[in-house]
Amino acid sequence: MTGNPNIFSSFQSHKAPSLVIVVDGSTCNSVGFGTVKPTSSITLSSVLSLPKLAFNLISVSKLTRDLNSYISFFPGHCLIRDLKMN
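Numbering (this note's numbering), first residue to last: 1 to 86.
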């Protein structure tokens, strides 16, 4: 989920806004969804656009399933590793 409309490489508007409950329990309207490429090797699909969202949020579970990968977290960074290549 993102509040930044400028990061989409493709975008499709919802026919009607969809209500999304975010982590703090508040609600935001999703105006559409699309594809985001945070790096040249990672493509995220079905990313929701929530104009009032102050931060980008990612589902680690969906990311690892979609990329067939695992993630190692460290104090200052994380590594996304392909399960096939290790």
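You may find that some hints are simply not true.
[As the list claims (entries may be wrong)] Taking lysine-lysine pairs in the DSS-like style, the calculated list, with each CA pair at most 27 Å apart, reads:
no., residue 1, residue 2
1, Lys37, Lys52
2, Lys62, Lys37
3, Lys62, Lys84
Calculated directly from the structure, the hints in this document are not laboratory data.
Consistency of the hints with the structure:
1. Lys37 <-> Lys52: Satisfied, since the Cα-Cα distance of roughly 21 Å is no more than 27 Å.
2. Lys62 <-> Lys37: holds (15 Å)
3. Lys62 <-> Lys84: holds (17 Å)
Every hint, counting from the list given before, is met by this structure.
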